[in-house]
Amino acid sequence: MDILQISGIALTGAVLAMILKYQKPPLAMLLSIFVGVTIFLLVLTKIGAIVDVLRQLAGQANISSIYLGTLLKIIGIAYIADFIAQICRDADQGAIAMKVELAAKVMVLVLAVPIVVAVLQALLRLIS
Amino acid sequence: MGQNIDLIFKIAGIGILVAVASMVLKNSGKEDYGLAVTLTGIAVVLVMVIQMLGTLFDEVKSVFKLF
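Heads up: the sequence lines are chains A and B, in that order.
Residues 1 to 128 (this note's numbering) are what the first sequence spells out, left to right.
Residues 1001 to 1067 (this note's numbering) are what the second sequence spells out, left to right.
One thing to keep in mind: the hints can contain errors.
Unchecked claim - The calculated lysine-lysine pairs, modelled on PhoX-like cross-linking and capped at a C-alpha distance of 25 Å, are:
1. B/Lys-1030 <-> A/Lys-21
2. A/Lys-21 <-> A/Lys-46
3. B/Lys-1061 <-> A/Lys-21
4. A/Lys-21 <-> A/Lys-73
5. B/Lys-1065 <-> A/Lys-73
6. A/Lys-21 <-> B/Lys-1065
7. B/Lys-1061 <-> A/Lys-73
8. B/Lys-1065 <-> A/Lys-99
9. B/Lys-1026 <-> B/Lys-1010
10. B/Lys-1065 <-> A/Lys-46
11. B/Lys-1065 <-> A/Lys-105
12. A/Lys-73 <-> A/Lys-99
Read the hints as simulated data drawn from the structure, not as lab findings.
Being a predicted model, the structure only gives us computed values, none of them experimental.
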């Protein structure tokens, strides 16, 4: 999946969305969502390969898979929230975008708290 | 993957058709039919986009193990 094809799709999508923008704004927004989803689906296979390599390296370095799993979840949540928030901003719905980002931050915190607790306990064990 | 690009042009085609149809209907005095055509066009495109979002979320869930 070279960058040329992605840029071609993005350009055609942008031009078509611009055509639709003045007659039917909602259709233009739906078209831009569709182009965004298409481009990300093309890239997702590459991300999957990178994630597999990371998982193998973590396995060799016998890091427990909990930490890597949580890290991947956080990356996934962050990406989806950013994707949706950007779409909401395109539709001039800044308030909804902020709410989506707030929810994503809360979820990331919920995922990160157990790890922070584990680190603190390890530190306390070292000190005492 | 190729069919995604066809879908992009299909959505653009639907959009342009709906725009032209509603304009023609508006000029011929049938404003409410124009609105009906616009709503059906948006509904059709919304169904297509939601199906694509469904596949996207499934793929992200499988890649990032986001259950």
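Do the hints match the structure? See the list:
1. B/Lys-1030 <-> A/Lys-21: 23 Å, holds
2. A/Lys-21 <-> A/Lys-46: The given pair, whose Cα atoms are some 32 Å apart, is violated under the 25 Å limit.
3. B/Lys-1061 <-> A/Lys-21: 32 Å, violated
4. A/Lys-21 <-> A/Lys-73: This hinted pair is violated, its Cα atoms lying about 36 Å apart.
5. B/Lys-1065 <-> A/Lys-73: 6 Å, holds
6. A/Lys-21 <-> B/Lys-1065: 37 Å, violated
7. B/Lys-1061 <-> A/Lys-73: 9 Å, holds
8. B/Lys-1065 <-> A/Lys-99: 24 Å, holds
9. B/Lys-1026 <-> B/Lys-1010: 24 Å, holds
10. B/Lys-1065 <-> A/Lys-46: 16 Å, holds
11. B/Lys-1065 <-> A/Lys-105: 18 Å, holds
12. A/Lys-73 <-> A/Lys-99: At roughly 20 Å apart (the allowed maximum being 25 Å), A/Lys-99 and A/Lys-73 satisfy the hint.
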